[in-house]
Amino acid sequence: MLSKLELASKQFIYKNNLPYRRYFIEENKIKHRLTIITGQRGIGKTTTIAQYMSDSPLKSLYISMDSFIVGDLTMFEIAEQFEIQGGQLLCYDEIHKYPNWSQELKSIYDTFSDIQVIASGSSALEINKGSHDLSRRAHLLKMCGMSFREFLELSLDISLGRINLEVLLNDHQNLALGITSKIENLDKKILPLFNRYLKVGYYPYFLGVNDDICGDLLKQNIDASISNDLLFVYPSLDGNSIRKLKVLVSIIMESVPFVPVLEKLKSLLEIGDSRTLKDYFIKLEDAGILSLLMKSSSKGLSKLEKPEKIYLENTNLLQVLNSEKGTIRETFFLNAVKQQYKVSYPKKGDFLVENKYLFEVGGHKKGFKQIKDINNSFIAFDDVEVGYKNKIPLWLFGFLY
25 MLSKLELASK
35 QFIYKNNLPY
45 RRYFIEENKI
55 KHRLTIITGQ
65 RGIGKTTTIA
75 QYMSDSPLKS
85 LYISMDSFIV
95 GDLTMFEIAE
105 QFEIQGGQLL
115 CYDEIHKYPN
125 WSQELKSIYD
135 TFSDIQVIAS
145 GSSALEINKG
155 SHDLSRRAHL
165 LKMCGMSFRE
175 FLELSLDISL
185 GRINLEVLLN
195 DHQNLALGIT
205 SKIENLDKKI
215 LPLFNRYLKV
225 GYYPYFLGVN
235 DDICGDLLKQ
245 NIDASISNDL
255 LFVYPSLDGN
265 SIRKLKVLVS
275 IIMESVPFVP
285 VLEKLKSLLE
295 IGDSRTLKDY
305 FIKLEDAGIL
315 SLLMKSSSKG
325 LSKLEKPEKI
335 YLENTNLLQV
345 LNSEKGTIRE
355 TFFLNAVKQQ
365 YKVSYPKKGD
375 FLVENKYLFE
385 VGGHKKGFKQ
395 IKDINNSFIA
405 FDDVEVGYKN
415 KIPLWLFGFL
425 Y
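Residue numbers (the numbering used here): 25 to 425.
If you are wondering where the hints come from, they were derived from the structure by calculation, not from laboratory data. Hints may contain errors.
Claimed, not checked - Distance condition first, Cα-Cα at most 30 Å in a straight line; then the derived DSSO-like pairs of lysine-lysine:
#1 Lys-390 to Lys-366
#2 Lys-389 to Lys-371
#3 Lys-83 to Lys-223
#4 Lys-319 to Lys-393
#5 Lys-166 to Lys-333
A quick note: this is a predicted structure, and the numbers were derived from the prediction, not measured.
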C-alpha cells in the first residue's frame, strides 16, 4: 500500500536535502514525539523536513497531504501501515490542506507510541486553533524566513553565531568589528551584502534565481497565500472575502507603514463591522504578508485595540513597491527583532522591545532628538559598518536569530 509513497519519499529527500542547515536543524529544535512546524510559504519548512529525515538514522517516510499519490488514504491509515512495516519517523507536509488533521494527529500520537511525527503547514493561525486537542501532546514550532546571519552563511559558506539582544546592546562595537573583519577576509563588504539581503535574502530560494525573477515569485507568493492557503484553512471565506482581502493588501501597500483608520477602511471595503476588519488583519498576518504593531499595553486584536501601524512582513515584499529607504529600515528592524522578542509601539520613538528598550531607526545621520534623555534608548542606524555608544549598526540586528 505504501510502495508508491515510499518511492516518492526517497525522491523527495534526495531532491531537497540541501547542504546548508538552518537554525531549526542546528539547534536541534525538532526532538519531540510530535512536532508541528508552521510558517509562511517559501521559507524552507519542506527543505528542513528533508534535511532532518536525511540526518536521522530512523526509518522514515515523507507524505505531502496534497499529493495525488495519497489517494483515499487517511493520515491514520498511513501511520498504521507504516508502523506495521517498522517505521519510526513519519513526516506529513501541507496538513492545512487535509480535513480533520488535528483529530487524526491526536489519534496517531495516542496509538503509535514508537513513531515520531513531524507535521507542517503554511497557515500558523489555523494550526494553532486546531492544536487545542494537541496542547498536551504537540511541540509547536514557528519557522521564519532567513535572517541576515543565515543569508551570509549560505551566500559565503561561513559560520556565524547568533547574538543575544542584551549582548548586542552592550558589546555591539566589538561584535561588528569581528564580523566585518571576517567578511573582509573573503574580499566582501558587509553593507552591499546587507542591501542585497533586504531585496532578496529572506526567502531561501534566492540563490537559485536572479533578483528580477525573485520579485515575480514574491508577487505570486502573496497571491497564492491569499487565494489558496487562506481559502483552504478558512472554508467560510468566499470569493467576495478573498477579493476584499486582496484589496486591503493593495490599500496597505500604497502607504507602508500604514496607519489604519478603521471607519475609512470599512467604507472602502464595504465591511459592516470592525470585528471582520480586524479578523482580516489577523489572517493576513498569519499568512506572512503583514506585521501588526500594537501598543505595548495591548493584548492583541481580541480586544478593542487596533494596530497602531501595519508593515509588510519582511523587506523582500517591499521590493515590488520601490519603497522608501526609511520604510525598508523599519520593516527590517521589526522583522529581525520580533522573531525572538516582543516588539510594540511606544509613545516616543519607533519601537519598544520587551517593554524596556526604546529604538529609533534611521540613516547614518540619525540622532537622539526624539528619544533624548530616555533610559535604555538606542539608535539603529543604517549605512555604517560599526557603531559607537548607543548607536548600533542596523545590519547587526540580523544576527538575533
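We went through each hint and held it up to the structure:
1. Distance check on the hinted pair: Lys-390 and Lys-366 sit about 24 Å apart at the alpha-carbon level, within 30 Å; holds.
2. Using a Cα cut-off of 30 Å, the hinted pair Lys-389 and Lys-371 holds, with the two alpha carbons roughly 22 Å apart.
3. Restraint check for Lys-83 and Lys-223: the C-alpha separation of about 40 Å exceeds 30 Å, so the hint is violated.
4. Taking the CA atoms of Lys-319 and Lys-393, the gap is about 22 Å. The hint holds against a cut of 30 Å.
5. A hinted pair counts as satisfied when its Cα atoms are at most 30 Å apart, and Lys-166 with Lys-333 qualifies at roughly 23 Å.
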